[in-house]
Each structure stands twice: as C-alpha cells, then as structure tokens.
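Dock chain B against the given chain A, drawing on the hints supplied.
Residue-level listing of the chains:
Protein chains: 2
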Amino acid sequence: MTDGPDGIGPAGDRPAPVIAIPAEAPDWLERAVRDGGGQPGPLPDADALIHRGGPAGLPALPDSVRWVQLSSAGIEAFLAAGRIDNQRVWTSAAGAYADQVAEHAVGLLLAGVRGLVTAAAQRSWRPELVAPRVTGLAGTTVAVIGAGGIGRRIVELLVPQHVRVIAVNRSGRDVPLADRTVPVSAVEGVWNQVDHVMIAAPATDASRHLIGASVLARLKPTSWVVNIARGSLIDTAALLDAVTEGRIAGAGLDVTDPEPLPPDHPLWTTPGILITPHTANPGPLAQRDLAERIRRNVERFAAGQELLGRIDLAAGY
Amino acid sequence: MTDGPDGIGPAGDRPAPVIAIPAEAPDWLERAVRDGGGQPGPLPDADALIHRGGPAGLPALPDSVRWVQLSSAGIEAFLAAGRIDNQRVWTSAAGAYADQVAEHAVGLLLAGVRGLVTAAAQRSWRPELVAPRVTGLAGTTVAVIGAGGIGRRIVELLVPQHVRVIAVNRSGRDVPLADRTVPVSAVEGVWNQVDHVMIAAPATDASRHLIGASVLARLKPTSWVVNIARGSLIDTAALLDAVTEGRIAGAGLDVTDPEPLPPDHPLWTTPGILITPHTANPGPLAQRDLAERIRRNVERFAAGQELLGRIDLAAGY
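Heads up: the protein sequence lines correspond to chains A and B, in order.
Take the first sequence: its position 44, counting from 1, is numbered 44 in our numbering, and each next residue is one higher.
Take the second sequence: its position 247, counting from 1, is numbered 247 in our numbering, and each next residue is one higher.
Next up, chain A with everything else stripped away, as it sits in the complex (with noise of 0.2 angstroms):
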C-alpha cells in the first residue's frame, strides 16, 4: 500500500467519503455515488456535494464540502449568479454528454451523404431520385465549427471514416486527429476548401448568423449543414433560400431559428431539411452518463485524484 496523493494516509484504509446527494434524490443518483465508494449523507458533515440544477437550488456549503460535482455542462448561470467559490473544488458535466451529441451528428451528416433524407420522403421505388442524392462521406472534407468535447468527439468520428476534418476554434491550437485546425478569426478561408460543415460551438454575439447567406455562397451543391449546437448559429431565411434553390444540398437541424420551430414553418416541407427535435441528448441517455460521470468522480475523489470536468474559474469554463 502505498501514501494517497494528498498524503492523508494509505488510499485503502480510507473511510468512504461522505457524499450530500439532492433531497428525493433518484435511486440511479443514489446508486452511482454507492459504486464510485461514496457514503450518501447529510449535507452539514459532507465532504462533497452532487447538485443538481441551476444556481437558484444551491445550498449554503459547510467548511466540510471540498468538492462539488454540477450537473450540466455550460455552467454560465452558476458563474452569472456569483455562486462558484474559490473554497473549494467544482466539477461541472462538461464532456459527458458529448458521445451521445456527436453521434447524432455524424448521424445527420451520413442521413444526407447517403440519400436517406431524400429516400425517407419517398413512398415507391424512385432510384432516379435517390442515387443522385447519394454522394458518399469518404474521402470528403469537413470542417468542425467549435472543438469543445461535442466537437472533438465529432473529429474522432469522421476520421476513422476517411474524412479530412478542418477544426475551428478560438485559439487556433491544434485539434487531436484534425487534419488542420484554423482560428475563428480566420474562418473565412476555410468555407471553399471544405464539401460539409458541422456545428459545434457556443452561441454567443460572436457566432450569431455565423452561417449565413455570403458563406452559403461558397459551399456546394453537394455540401451538407450540421447544426446540434443552437439555432442562432445559422441564420435559418438563407439556409431555406440555399437549400431551395440548389446551391447546397441540405441540412440536418437538431436545433432551429426559432425554436421550436412553428408546424407552418416552410423548413418542415423543404426537401433535403432533416429536423430532429432537439433531441441529440434525450433524458434517459443524459442520465445514463451524468450517473457514469458522478460515479467516475466520486471513485477519483475518494481515491484524492484529479476529477474530470474542474472548473477553472479564472478562464469562466
């Protein structure tokens, strides 16, 4: 046996650490803490804190609390509201949902590559309308908007399918797996090097309409748009317009503008437009791995390592 890393003793003699868990917390909570090695138990003599929700439910913390797990990912409500300490560690869900997210993705991207959202519509045998909608992912180039988790999941998907993945984010530091990654500051250069462009980033004033009509111009009539982030990255009149008449080939929406989107909105009855509603990251899925995650953390917590998801307050994120 050897010293645990914060030298409180041999990691295996410890005491199970005693976890606060949400009043009527659900069983699937309950059972995570128990097989990370974690002791459900009031909050005034608990060492960690599983909250979930918004900052509004927060409790006061006790000295006691040195670790707090959120359950979402974005935690800008909780930094807004003041409530992230410099007392102790804070954990958010950033990354855990980002398997279910990019593989919707990549689901919306070969839906159109290969014809699906054209052969979907169809109620008789049309190949002469289809096989001309099937033009293949291999061998084409993607640009990912955004390299957070979601993004950097999508990249790890679309290599193995012998994509060349062009990744933009803020720093322009390279992307695992991409092919070459580009700053958002010179994004401009990239819409005519690339067939289909998925997006993954933030929304944010910077982002609003970054997908409008002048970079629509440059994509081509075979290029598809991914949208699983949020509905005002793409500015939804020039998309119709694209789509419709031809100059690109079509979209896959899990988020929309407006959202929802009204059932007399021309989008729903546009061909090459495939709508999911806002389901990248259904309920019973998103609890799956939010109970994998606080299970993964309580297990490194009470083994004193570094949790997954730290907030660095500093850096907002």
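It is possible that some hints are incorrect.
Where chains are identical, the list cannot tell them apart; a pair therefore holds if satisfied intra-copy or between any two copies.
Unchecked claim - With a straight-line Cα cutoff of 25 angstroms, these simulated SDA-like cross-link-like pairs (lysine to any residue) come out: (1) 220 with 120; (2) 220 with 187; (3) 220 with 284; (4) 220 with 28; (5) 220 with 292; (6) 220 with 44; (7) 220 with 314; (8) 220 with 45; (9) 220 with 286; (10) 220 with 209.
Keep in mind that the hints were calculated from the coordinates and are not lab data.
These numbers were taken from a predicted model, which means no experiment stands behind them.
Below, chain B without anything else, positioned relative to chain A:
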C-alpha cells in the same frame, strides 16, 4: 535500382505494359490505365485486359495476356460460364466498393438509433414522439453477419463509435477489431446477445431467410436490423410483423424482397422502416472506386507486384 520482383530487369527500365481496354471505353477508364503507368493498346499484343460486363462479352484471350481485371466484386457468373482459366492472373473488384456500402450500412443504423426515421416523418416539433426513439449507438453490441470486404469495413466503422461487435463468418476465424467472431454454424447463440444486426453476407440457399420470425423474437424492442446485402436474407413478412408489433424498433433496408418493392407494399408506410432503393453504391461512386482500383492494379502490374482482388480459382472467389 534493384531488379523487379520477377527478375526481368531493373523496375525503372521497364516499358509501360500494354493494357487492352474495351472498344469505346469511357475516358475515365483509359485515364485510370494511363495514370497507373499502362499503355492502352490492342488486345492481340496486350499484356493485360481490363474487362467490363459479364462473361458473355469476354473476348478470346491471346497468350500474351498475363492478367485480366474484371469490374464486379462477385464472380459467380464467370465461374459458372467456365471463363476463368489457370493460364493467367485474374482479379475481381472485390473490396473496391466496400467503403461506400459499409458507410451506407452505418448511416442506416445511425438513422435508426438516433430517431431520424421517426423525425423524418414529422411536419411539426414533436420531441415527445422522437426522443423515445433515440437510443444511441455507443455502448451497444452489434452483430455483423458476413465478414467480406464490406463486413470488415462495417466493423472498422463501428468500433470507434464505442460499439462491441460480434462478427459472424463461415470459418469463425477472428475478424480484426471485432470483440468476438462466431462461425455461422453457431449463430443461434448470438441473437440474444446483441442490440442490432447488420447483414453483409452473400445470398445463398443457406442464408435465405436467415432473419426470420424466430431470430426476430430474440432481439429487443430497441433493436434495428440493417440489410445492405440481398433482400432474400430477411423474411419480409416476419420483419413487417415484428416492426409493426413493436417487437423490434425498425429496419434500414437497401435491398428488399421482392425487389423492386411494389408501391402498394406495406413496408413503405410502416413507421420504423427506412428504405433506400438499392442505392448504397450508385454509378458515379462505383465508377470512381473502380477507376482507382484499375489505376492501382495497373501500377502494381507494371511494377511486378501482387495485384489487389486476385481470384483464387480453387477457392471460387
């Protein structure tokens, strides 16, 4: 400079081999021959022949022809016609089309597990209908039936998606990357261990209705069946019952039985069924892949190297 593998002389000094191509061959075929370092020329003096079409159109071959490249992946018709001899090397296009068809198969599976089949049928924002159909691919177990070029490529595409693959082939010899390989003689033990089934096996008397009522009864309400091989491998009536009754989630079919599927067939209007009209590998993509195979094989032929897709007459493929 070193001697070529057949000892004729320094590889760099060889004259370009004369490659006979069909009369009125398309430009892309002649270009593929030239790009590979071959010299298109008349059959009587040719070193090799690129043949398109079936055995009926195959000309009598002069002794000078040491290699014949066929354009199809399957060669049953040439074997049945007794046209493949022991006097020269014969190559098929086996494996050349695997990327496209495997990509199509994975696209159909993702369309299922990401709820895209249900989403494509909506004309309004209905997350309550779509979300329950999103089950996700990561973490599931998939049976890949058939481990030729297409099946092996399907495995390569699934594994990076955190899928556990059970491959089924004739010999039971390990398929690279698969978690486990099972001989088809033991396939009965596979069905209740898998979430989804991908069919990439040849159509034979033995494989007819491989997926019938008894197999479908052992799958799950979340299971998808994907068929990019031949329609006869699935018992269509049993599949229709299983999907209609919700005993499996659905099916993605590039091939059907009967094929073409008549317009009044109930498969067209059954929720959970996605049909592409045998468009996994449409003409332009197949031509691109065949051109690349011809180019590479001419290059190898010119260099005296082993050719791709070499037919083993004794083995029959």
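Status of the hints after comparison with the structure:
Taking CA atoms no more than 25 angstroms apart as the test, residue 220 paired with residue 120 passes in both settings, with 23 angstroms inside one copy and 23 angstroms between copies. Proximity of residue 220 and residue 187 under a CA criterion of 25 angstroms is satisfied intra-copy only: 17 angstroms inside one chain copy versus 45 angstroms between copies. In the homo-oligomer, the alpha carbons of residue 220 and residue 284 lie at most 25 angstroms apart only across protomers (17 angstroms), although the nearest pairing inside one protomer, at 38 angstroms, exceeds that limit. Within a single copy, residue 220 and residue 28 get their C-alpha atoms only as close as 47 angstroms, which misses the 25 angstroms cut-off; across copies the closest is 23 angstroms, which meets it.
In the homo-oligomer, the alpha carbons of residue 220 and residue 292 lie at most 25 angstroms apart only across protomers (24 angstroms), although the nearest pairing inside one protomer, at 41 angstroms, exceeds that limit. For the homomeric pair residue 220 and residue 44, neither the shortest alpha-carbon distance inside one copy (60 angstroms) nor that between copies (46 angstroms) is at most 25 angstroms. For the homomeric pair residue 220 and residue 314, neither the shortest alpha-carbon distance inside one copy (41 angstroms) nor that between copies (48 angstroms) is at most 25 angstroms. For a Cα distance limit of 25 angstroms, the shortest separation of residue 220 from residue 45 qualifies neither inside one copy, at 61 angstroms, nor across copies, at 45 angstroms.
With identical chains, the CA atoms of residue 220 and residue 286 are at most 25 angstroms apart between copies only, with a shortest distance of 21 angstroms across copies and 35 angstroms within one. Taking the shortest Cα distances, residue 220 and residue 209 sit within 25 angstroms of each other inside one copy (19 angstroms), while across copies they are farther apart (42 angstroms).
Violation of the numbered hints given earlier is confined to hints 6, 7, 8; the remaining hints are satisfied by the structure.
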